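Engineer: Listed here are the chains, written in short residue letters.
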Amino acid sequence: MTVELSSNGEVDTRAIGRRLASFLGRGDVVLLAGELGAGKTAFAGGLAEGMGIEEPVISPSFMLVRRYAGGFTPLTHADVYRLTTMNELEDLDLFEEARDGVLIVEWGNTVASAMPDDHLRVEIEVTGTNDRVVRLIPCGAWQSRSLKEMVE
Amino acid sequence: MKLLAIETATPASSVALGIGRDVVASAERVERRGHAAFIVSALDFCFDQVGWRPHELDAIAIDVGPGLYTGIRVGLSTAQGLAAALGVPLVPLSSLDVIALHAATHRRHVWSVVDVRRGEVAVASYQPVPGGVVKDGPPQLVEVEQFRAILQSDPEDGLVVGDWASLPEGFFRGLHRVKSGRPQFPAAEAMLELAVGRVDREEFPHADEVRPLYLREPDVTINWKQYREEGPWAEQSPA
Chain A
96 MTVELSSNGE
106 VDTRAIGRRL
116 ASFLGRGDVV
126 LLAGELGAGK
136 TAFAGGLAEG
146 MGIEEPVISP
156 SFMLVRRYAG
166 GFTPLTHADV
176 YRLTTMNELE
186 DLDLFEEARD
196 GVLIVEWGNT
206 VASAMPDDHL
216 RVEIEVTGTN
226 DRVVRLIPCG
236 AWQSRSLKEM
246 VE
Chain B
-15 MKLLAIETAT
-5 PASSVALGIG
5 RDVVASAERV
15 ERRGHAAFIV
25 SALDFCFDQV
35 GWRPHELDAI
45 AIDVGPGLYT
55 GIRVGLSTAQ
65 GLAAALGVPL
75 VPLSSLDVIA
85 LHAATHRRHV
95 WSVVDVRRGE
105 VAVASYQPVP
115 GGVVKDGPPQ
125 LVEVEQFRAI
135 LQSDPEDGLV
145 VGDWASLPEG
155 FFRGLHRVKS
165 GRPQFPAAEA
175 MLELAVGRVD
185 REEFPHADEV
195 RPLYLREPDV
205 TINWKQYREE
215 GPWAEQSPA
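In order, the protein sequences belong to chains A and B.
Heads up, the numbering used here is the position in the first sequence plus 95, with the first residue counted as 1.
Under the numbering used here, the residue at position 216 of the second sequence is numbered 200, and the numbers go up by one with no gaps.
Just so you know, the hints here were simulated from the structure itself, not pulled from any lab data.
The structure displayed is predicted, hence computed values, not measured ones.
Even for Gly, the Cβ is constructed at its ideal location relative to N, Cα and C.
Be aware that a few hints might be false.
[To be verified] Reference listing, derived: stretches of chain A covered by chain B, where coverage requires no fewer than 3 residues with Cβ under 8 Å from a Cβ of chain B:
| hint | region |
| --- | --- |
| 1 | 107 to 121 |
| 2 | 135 to 142 |
| 3 | 199 to 212 |
[Stated by the list, open to error] Taking lysine to any residue pairs in the SDA-like style, the calculated list, with each CA pair at most 20 Å apart, reads:
| hint | chain 1 | residue 1 | chain 2 | residue 2 |
| --- | --- | --- | --- | --- |
| 4 | B | Lys209 | A | Glu183 |
| 5 | B | Lys209 | A | Gly132 |
| 6 | B | Lys(-14) | B | Phe29 |
| 7 | B | Lys209 | A | Val106 |
Please model the complete structure; the sequences and the hints are all you need to start from.
Structural biologist: If you want it as structure tokens, here you go:
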């Protein structure tokens, strides 16, 4: 079941990410979708915070993959924006990199077919200058996991 | 002949220095990740052990796969960089050949296998000959079930070497004429042996032309435009 949350800006988006952290564990894959400036990195930053990672999360657009090992479980933060082919994605060896923790992929929607069936989709829709709708869409085995507590 | 062999195509990374086929220094580590961190320190360690300087090398052997994408890229870029800087030959070897070389054949038909994930394995078969093995044909990428069917229909007694431990549980059940054995992973030490002959016969491409051997099917392009028009989760279609 899709969970829909509203955000009035980056602070809210971060908070949603932070709340989601408690639902995540080793081996979980989160795919992020949203236009440039929608707040994907803010969401990922909140998620990292919720996972106990103190290091600031910055956009991995240039690096493609960043790994944060300082939290309760390692977080692998990837961005596929600069990729053009699926082989380049393979080259990142994301699942191997992230096997021991949580994987979050910005623009993950574009490579969903190469991702495991069991994943959580997070869609950030821009509805106003600061307003966003954040949708959590469970796929595969995620459908049997409750996200009810995400709704305040 | 002073040789360096670099092996990063599988979870077992290794580096070896040899005078001809005789190993004089080697380092090994088994871990799926972190090939890049291993390789530089392993090279330093090996050169220190024997007191060689890189410019003394006569050739470099590199495993170009099939195997782990990142591992192959790390090893190949390191080897290619060294070969270019030193102006020495770069000898590309196949992980499957390296594994098969040291298979204790017992006159069995040898099947060398490397896990490439997504339910597929890279395989090549070899006939045992005195002192080694001879490859039947080029390596193939097959689904695990397909590999099982191939083994089942092989009239000869088979020996599966390589990463058979990664095959699904029960894979060998019912395959009565097939045994599994070592080695599990290719090793840099074995590469020296294969490389010596290639260097002697001058059987190697120009270092710039050496490419990874992935065996994967044609590339799929990420269709960014489609997502813009059909919403974020539009289905992927092959380009």
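Engineer: Give a verdict on every hint.
Structural biologist: So, going through the hints one by one against the coordinates:
1. Under the rule that three or more residues need a Cβ within less than 8 Å of chain B, the assignment of the region 107 to 121 of chain A is violated, with 0 such residues.
2. Three residues within the 8 Å Cβ limit are the bar, and the region 135 to 142 of chain A against chain B gives 0, so the coverage statement is violated.
3. A count of 6 residues in the region 199 to 212 of chain A with a Cβ less than 8 Å from any Cβ of chain B is obtained; the coverage claim is therefore met, three being the minimum.
4. Of the supplied pair hints, the one linking lysine 209 (chain B) and glutamate 183 (chain A) holds, its CA atoms being roughly 18 Å apart against a limit of 20 Å.
5. Our distance criterion of 20 Å between C-alpha atoms is met by lysine 209 (chain B) and glycine 132 (chain A), whose separation comes to about 18 Å.
6. For the proposed pair lysine -14 (chain B) and phenylalanine 29 (chain B), the alpha carbon gap of about 16 Å is at most 20 Å, so the pair holds.
7. For the hint linking lysine 209 (chain B) to valine 106 (chain A), the alpha-carbon distance of about 30 Å lies beyond 20 Å, and the restraint is violated.
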